[in-house]
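Residue numbers (our numbering), protein chains in the order written: chain W, 1 to 460; chain H, 1 to 460.
Note that these hints are calculated values from the structure, not bench results.
Honestly, I wouldn't trust all of these hints.
The list treats identical chains as interchangeable, and a pair is accepted whether it falls inside one copy or across any two copies.
Stated by the list, open to error - Using 25 Å as the maximum straight-line C-alpha spacing, the simulated SDA-like pairs for lysine to any residue come out as follows: (1) K458 - G329; (2) K102 - I163; (3) K281 - R35; (4) K102 - A265; (5) K459 - G111; (6) K146 - W446; (7) K458 - V332; (8) K458 - P38; (9) K408 - T384; (10) K16 - G106; (11) K459 - Q84.
Protein chains: 2
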Amino acid sequence: MAEFRVQGDQRGVIMKFVIIGGDAAGMSAASRAKRNIPDMEVTVLEKTSDVSYSACGMPYNIAEPEVAIESLVVRQAHVFRERQGIDLRIGHRVESIDRTEKVVSGVDSEGKGFEIPYDKLLIATGATPRIPDVPGTDLPGVMSLKSLGDGRRIKDYIGRQNIKKAVIIGMGYIALEMVEALHARKIAVDMVKPRPVFIPWMNREMAPVVKEEVERHGVRLYAGHKIERIENGNDTLKVVCADLTLEGQMVLIAVGVRPASELAAAAGLELGPANAISVDKAVRTSDADIYSAGDCADAFHVVTNKKTWIPLALRANRAGWAAADNVAGKAVELQGIVGTAVFKVFDLQVARTGLSVSEAETFGFNPVEVMITARSRAHAHPDTSNIYVQMVGDQESGRLLGAQLVGKEGAAHRVNAPAVALHRRMSVAEFSQCDLAYAPPFGPTWDPMLTAANQLLKKM
Amino acid sequence: MAEFRVQGDQRGVIMKFVIIGGDAAGMSAASRAKRNIPDMEVTVLEKTSDVSYSACGMPYNIAEPEVAIESLVVRQAHVFRERQGIDLRIGHRVESIDRTEKVVSGVDSEGKGFEIPYDKLLIATGATPRIPDVPGTDLPGVMSLKSLGDGRRIKDYIGRQNIKKAVIIGMGYIALEMVEALHARKIAVDMVKPRPVFIPWMNREMAPVVKEEVERHGVRLYAGHKIERIENGNDTLKVVCADLTLEGQMVLIAVGVRPASELAAAAGLELGPANAISVDKAVRTSDADIYSAGDCADAFHVVTNKKTWIPLALRANRAGWAAADNVAGKAVELQGIVGTAVFKVFDLQVARTGLSVSEAETFGFNPVEVMITARSRAHAHPDTSNIYVQMVGDQESGRLLGAQLVGKEGAAHRVNAPAVALHRRMSVAEFSQCDLAYAPPFGPTWDPMLTAANQLLKKM
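Bound conformation, chain W alone (with noise of 0.2 Å):
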């Protein structure tokens, strides 16, 4: 491996690999690129000051006070440049890709411009926060969460001013792991967002355990309100809906997130739903020289067998590894995605892996769903909790399609379990028939996961 050159050059040139971007996907893929080929050069572009941080920690770290933001950065920018060898430049803002010429070219945070040449190109950019087209998002005091920079500015905006209320519009994960962070340091928070439903992709029997768990923790919930406008008021800023006015010393807009895609789309390459750039199974885009990696880039969904946009860290992680790989000509493809995710609401985990039911209809499939409620723990044992397991099958092929989980212990890796029988593409009745671990302080004889197979088998 390590006598890999460019191809078709017959004088030993070393490849030259560019990667736009320097979180999880950007760095797995430098890192793993110098491994594979040691004399590879391999230069990063990060537009930010910040790369290779813990972006799914920033909730929690936004919880503490006594803890710097930068405990979330997993490797310094030094060891990168002095230890791996890696061509890393922040402050480097990528504004086109010349794809002919095989040059990317922008500006530096000095205002100068660079024009750097690639044999392959890894396009990492990420996702960007979405912003409701309404006035006064830009106002002081509006923020929204997606790069360690936003982290610092609300952690420091928090620590400065002394916030007593704060209004989350949108209710996604993010918005709900921040109302946590927000009661953490004592803020009173109100959630508002347009529409009616609490989380849409929950089966509606357990989306209002997640909500009274909220509720719980004294945040208002404000779901089916048009945002009109964000408007200051006294001291305070105003979220203004049609039928209700919100306030708080700081809004924190979570409505989710798009695939950064720009500079691809105005290079050309073909890009996938959601707007992500398409890639195949080696993600490679629509041109055999770029790789695109991370939340800008889409995926292949092993249960619908179609394309995809679900931007999670792993995928970001591995798809980098993969870019790399096959940059030095290892030929890998990755499977796929099943969709699998799990975030806290205060004392809860909420998981989810596969197709809700909406999404299987949309797919094409005969959804069949049940929602069982069970134990944490084994009959009689103490402290045991419940815990909420939604299951789908097709009806046609009997296939498992999905499966849901809330409860405030042993949901997050439950969820694991239907996720590789997805992969493997299992129906019901063998997900039904699996020898799943059983002690008392850990669940009920028949897991969870299995009652909710063996009444889902009753209803196909």
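Since chain W is already given, all that's left is putting chain H on it; use the hints.
This is chain H only, laid out in the frame that chain W set:
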């Protein structure tokens, strides 16, 4: 289904389904048989006075003096009799099976003989504690734990006597659960066993983690000491080894169990591994009218493709259902087991699935093993702890063969992901690509199972 009648019988005679044994497998079968065919005549013959209790919950119940042992009873005898219409007879010991006449006979608790004819028979006689063949095992204060009667006896003994010190012979999972129970009752414990290795099936670097957890709680472990006899001392019992004598007011023998297959053997039924009653995938014995389920019966092992004997509660319940379904003509086959088990040792969760290295060798694989230390939560997340994962793959086929986990959190349910993978004979490479859940409170971005798989791939 309700019109089911005895095969070959034109008069519509109601089927007689007789079940020997009234714990997990037996009562699961009885309940399901009545649900399948309400007018079936279902008779359960249980030699003790207890039915349908959580045997696995006994150590946890013994730990709590204020909770009655009867709280482990899942369903009372009168419910089975009155609401479910099951002819449940306690104190009925079956002594022989006449397969030609299709009659079981025995004696009841008053010494009165009985003879009961059957059309279909289920043997669910469970397992019997193994007792070392040394003098003194019948002394008062020397006990073992299998039936609810055993649990009651131990709990009464602890409650009545002022026990300060106990000796446990054995270091298997029942022994380790009991040491925690006795510790909770403020009883000091010495543990002793003949074999020198602490947990023989466990990876050699992981077993010390469990050992230290036990010793950290003041328990003294003496492995590699052959027990010669148990004798009365001065107000104590003495466990005498060649080079060591341990003393306590109570001795618990927990060196494992053996299948209670004597009745089946005497009736000429085929036996399998460990002398368990041999059953096919429909849990039918070598006699087409006799089924067997629970700890007395063997099972098909999905990884080895061979019969095995692993007494576990989930299989007992599942096999009980399968027997009842097959008796009702449903033609149910069980996939088999992969040997998934979990137990708690003080603050540690210990889990396994599939084969250990030495088991893999025994069954003709060419095993490669890896052991990794990962963290239970994300980088920089508070309260993170170590999680140890062992993984075994087959060098030839690339198949995943097994996994073991130890950790304070996140080990118990994580084992289910590789368990499902084993059911579908996944390769380590395929498993390494699974889309598992990630959020900072629940694990690192790369789940420890995936890191283990990635490391194992490098060695294969």
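ask   = Broken hints, numbered, in rising order?
value = 2 and 5
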